[in-house]
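One line per chain: the protein sequences are A and B, in this order.
Position one of the first sequence corresponds to residue 1 (this note's numbering), numbered consecutively onward.
Position one of the second sequence corresponds to residue 250 (this note's numbering), numbered consecutively onward.
For the record, the hints were derived by calculation from the structure and aren't laboratory data.
Selected chain B positions facing chain A (Cβ under 8 Å, derived; list incomplete):
1. GLU305
2. ALA318
3. LEU327
4. ALA331
5. ILE335
6. PHE342
7. GLN343
8. GLU345
9. LEU346
10. LEU354
11. GLY357
12. ILE358
13. TYR359
14. GLY360
15. HIS404
Glycine included, each C-beta is placed from N, C-alpha and C at the ideal position.
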Amino acid sequence: MQRDIPRISSALNALLRADFTAQWRNRRSVVLVLLVPVIILISWKGLVARMGGPFVLSICVTIGLTAIGLMGYTNTIARDRDKGIFQRLRVGPIPSWTIMVSRLTVQIFMIVLLTIAVFVVGFYVDKISLSPTGYLFGFVMALAGGTVYLGLGQMIVGLIKHPETVNAVTRLVYFLFIMVGMLGELGAMGNEVQQAVIWSPFGTVKRIVSDSLQPGHWTGDSGMALMATAGYAIVFSVLGIKWFKWNTK
Amino acid sequence: MNDLPTAPVLRVEGLHVYYGNFHAVRDVSFEVKPGEIFGFLGPNGAGKTSTLSAIEGLLKPRSGNISVAGYDVRQQSLHARANMGIQLQATSFQPELTITEIIRLYAGIYGVEMSNERLAALLQEINLRDAGTKRFSQLSGGQQQRVSLLISTIHDPRLVLLDEPTTGLDPQSRRQLWERIEAIREKGHGVLLTTHSMEEAEAVCDRIAIIDHGRVVAIDTPGELIERHRHDPEVISVSRKGRITLEDVFIGLTGREVRS
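Just chain A, with the same shape it has in the complex:
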């Protein structure tokens, strides 16, 4: 008897259950992803009065988004591709996009978790309180910013096959983004670097998150930063999808 194609919802449910279980079993890396922004948030308590709560929150969210996109997503994809896990899934009667949708859903959940963690710690430790619209708008912009780093991760894993090289490159890019992004934006590396950082993926994401947390401060420049963020996300994702190979052979 011939078998029919199973429902996509059944396959997607199974994939999501497996991917969330795998993420849960990787609790240590989840904690590490959340820990860095939370530690910065706590240690920068003194800066809240000087720089403003939204500025500090947006830096922490941006660092967390960088970690999720570059360290979490990219390295898992590189490892599973190298081990042939994707090829095993792809010979099943499911469209290949369902595999990636499931993986990305887990990362979106991580972004939500990160944003909640930063908002909660900011509220209780640094006494940063925002309007409900600010929290809501901040969530949306964190998700929008997250797509830049997921796209960047996709591009890296599209360009580089070997998982250990992917791991090394993502760590380097992560470090560069954080150091140059944080120091550069504060002007510690000169005006030219500061300008470059403002319009870099780090700067535009930080800007849209920061401005969204205080909706009254949303300006034309915020809109430009949002456009730039969307542009980065689209370019990185399109190139990442175009270059991506499901196996390393």
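Since chain A is already given, all that's left is putting chain B on it; use the hints.
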């Protein structure tokens, strides 16, 4: 579909696969019937894996037709895959998942209802009742192959593709796996098996195709292949024990040189 039960479960016609300018598979044609174990043999780099990848839909051939259970692999790929069970050469599952979770994942992908009782019965069937909470990497080679075979057949497919399933197994595990493969045949499924073991091909395969340099150089039953080529000078010259074996025929047809 107007497929009769006796119609081939796999039909490959005039398959050509290229990697750039390299012509890896040249005009390969064969069929696998229901209730048949079909061996696909060839030296390293002969075109076995490329042919298999084209059947699995992982590789796009330059030309030729492949149908599984009457479904065109390129035009109706999901239908074809729903009727195919596949055990890849290097099967790997997410290392964070337990055996139970892996089985549930693939049951979901193939749209198979999996109650706890059914899951327990399946694990019992492959003598791994107590291994449900273990990770795949914690199993022995034989146990891993049993799990892989179980997953390949979880949806009761009409065609099962097994890519070197017994490589690295001890004789006991290998014999046990042969019995499981034969049980698949008894159910009326077609099996396409690639192997480097001539003993295995002789023991379990009903028919064999030998592929070399991308071309099928012989197709027949193991017995007929030996009978037909027993007087070939190339075959006699490689014979070692005074009697002609399938391995002698294989080396006689594909040459003595070691392939990378």
